[in-house]
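**Student:** Each chain is listed here by its residues.
There are 2 protein chains.
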Amino acid sequence: MRFAVFGTGIVGQTIAHKLVSLGHEVAMGTRDPEATLARTEPDGYGNPPLSQWLAERPSVQLMAYADAAAFGEAAVNTTAGNGSLQALEAAGAGNLAGKVLIDIANPLDFSQGMPPALNPVNTDSLGEQIQRAFPETRVVKTLNTMNAAIMVDPSLVPGQHNAFVSGNDAEAKAFVVERLVEFGWPREAVIDLGDISTARGTEMLLPVWLRLWGALGHADFNFHIAVA
Amino acid sequence: MRFAVFGTGIVGQTIAHKLVSLGHEVAMGTRDPEATLARTEPDGYGNPPLSQWLAERPSVQLMAYADAAAFGEAAVNTTAGNGSLQALEAAGAGNLAGKVLIDIANPLDFSQGMPPALNPVNTDSLGEQIQRAFPETRVVKTLNTMNAAIMVDPSLVPGQHNAFVSGNDAEAKAFVVERLVEFGWPREAVIDLGDISTARGTEMLLPVWLRLWGALGHADFNFHIAVA
Numbered sequence: 000m001r002f003a004v005f006g007t008g009i010v011g012q013t014i015a016h017k018l019v020s021l022g023h024e025v026a027m028g029t030r031d032p033e034a035t036l037a038r039t040e041p042d043g044y045g046n047p048p049l050s051q052w053l054a055e056r057p058s059v060q061l062m063a064y065a066d067a068a069a070f071g072e073a074a075v076n077t078t079a080g081n082g083s084l085q086a087l088e089a090a091g092a093g094n095l096a097g098k099v100l101i102d103i104a105n106p107l108d109f110s111q112g113m114p115p116a117l118n119p120v121n122t123d124s125l126g127e128q129i130q131r132a133f134p135e136t137r138v139v140k141t142l143n144t145m146n147a148a149i150m151v152d153p154s155l156v157p158g159q160h161n162a163f164v165s166g167n168d169a170e171a172k173a174f175v176v177e178r179l180v181e182f183g184w185p186r187e188a189v190i191d192l193g194d195i196s197t198a199r200g201t202e203m204l205l206p207v208w209l210r211l212w213g214a215l216g217h218a219d220f221n222f223h224i225a226v227a
Numbered sequence: 000m001r002f003a004v005f006g007t008g009i010v011g012q013t014i015a016h017k018l019v020s021l022g023h024e025v026a027m028g029t030r031d032p033e034a035t036l037a038r039t040e041p042d043g044y045g046n047p048p049l050s051q052w053l054a055e056r057p058s059v060q061l062m063a064y065a066d067a068a069a070f071g072e073a074a075v076n077t078t079a080g081n082g083s084l085q086a087l088e089a090a091g092a093g094n095l096a097g098k099v100l101i102d103i104a105n106p107l108d109f110s111q112g113m114p115p116a117l118n119p120v121n122t123d124s125l126g127e128q129i130q131r132a133f134p135e136t137r138v139v140k141t142l143n144t145m146n147a148a149i150m151v152d153p154s155l156v157p158g159q160h161n162a163f164v165s166g167n168d169a170e171a172k173a174f175v176v177e178r179l180v181e182f183g184w185p186r187e188a189v190i191d192l193g194d195i196s197t198a199r200g201t202e203m204l205l206p207v208w209l210r211l212w213g214a215l216g217h218a219d220f221n222f223h224i225a226v227a
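If you're matching them up, the sequences are chains Y and B in order. Residue numbering for the first sequence follows numbering that gives the first Met the number 0, starting at 0 and increasing by one per position. Residue numbering for the second sequence follows numbering that gives the first Met the number 0, starting at 0 and increasing by one per position.
Just so you know, nobody snuck in bad clues.
Copies of the same chain are indistinguishable here, so a pair counts whether it falls within one copy or spans any two.
Cross-link-like lysine to any residue pairs, in silico, SDA-like; alpha carbons within 25 Å at most: (1) K17 to A227; (2) K98 to D123; (3) K17 to V226.
In short, the hints are calculated from the structure, not lab data.
Produce the entire structure from the sequences given, and follow the hints as far as they go.
**Tutor:** Rendered as structure tokens:
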């Protein structure tokens with residue numbers, strides 16, 4: 000199946016790599032592919048430049064957002080949350096119409112320093128903002144509550160732990176659950192929280208996630224809902 | 000040991016009952032003890048009136064906030080979050096000075112309907128508001144992320160799950176961990192998130208907690224942090 004993966008950061012790379020390894024076709028979408036490919040320095044975290052990453056994965060194509068969106072039969076949003084709406088506007092409502100959009104982004108605002116604030120919060124969520132802006136697209140929020148490596152390899156964390164899905168379209172959620180199962184998630188580990196407004200809940204997990212990262216000293220953990 | 004338990008709702012009753020069953024002395028604090036005792040009708044949830052609950056537990060005394068605060072060597076805040084600061088002001092800074100205050104409240108705002116919003120959020124928390132308002136008191140936020148019954152009987156939920164502590168005073172946190180162990184929590188199930196500002200993280204768990212309650216259809220669950 001053909002996927003557009005919007006965003007070229009560590010989450011985008013991780014998801015794109017996994018999709019390709021499963022036999023899917025992937026176009027990574029970015030604002031300016033030429034500028035992205037021209038970068039030859041490691042990024043701020045010391046990761047190799049995307050050109051090198053792409054050279055090692057010739058089946059992944061880098062495209063402008065709109066071209067990637069047109070290529071994909073479904074799409075994944077891994078852009079930084081504060082730029083997601085702009086990126087998706089560049090992708091184009093027409094190119095995304097009728098398609099499932101898996102939204103992994105969190106609306107973190109780093110402008111006031113660390114820890115980042117969430118914006119929106121409480122009465123709205125990034126997932127809902129995207130669904131409202133793209134009413135023809137079937138938005139499903141998932142995987143935004145864990146480190147990228149765990150998203151595509153839940154066995155990195157032993158024992159039971161969960162992925163959440165939020166969305167208005169039952170068929171789209173079922174499609175996403177199949178992708179999670181493909182990623183290695185036990186079907187029973189996926190909790191359907193309800194409609195897209197429940198993304199408020201999972202996005203609001205980020206503050207405690209960041210504090211747990213600090214307290215544990217690493218990000219190799221995930222939320223598990225222990226149920227009686 | 001003598002405890003003040005502020006608040007007479009289900010959380011206050013549950014904590015007071017557990018403390019008494021462990022051999023501690025408990026004064027429940029409320030705004031107007033006579034008015035509380037005069038109520039003979041079940042509350043809005045169908046629970047029996049507090050007078051009946053107290054009649055079955057003669058060792059628990061009901062007092063005005065200030066008298067309960069003076070009685071307690073330590074205190075527990077189980078009042079509704081939007082009234083906690085007012086309740087604690089009535090308890091009196093002098094009566095609480097130097098004491099550990101275990102804060103279980105969540106700043107839920109039901110004024111705009113369901114689901115409630117959190118206020119404050121992001122850059123502040125109820126735990127920090129209380130610590131700022133009562134600088135001589137050693138505030139420890141804990142147990143605000145689960146149903147009352149589970150707070151004092153974690154075995155109600157099988158398998159591993161966690162309680163969090165947030166606070167500025169290491170000795171106060173150690174005291175609270177001992178109380179959690181007394182309540183039945185395995186010591187290793189208690190995660191020290193750091194200073195009281197980390198209460199932002201646990202208070203912001205409430206929105207997803209409420210959505211999980213809806214999705215699961217019951218409140219007999221708790222958060223577990225699965226760690227690699």
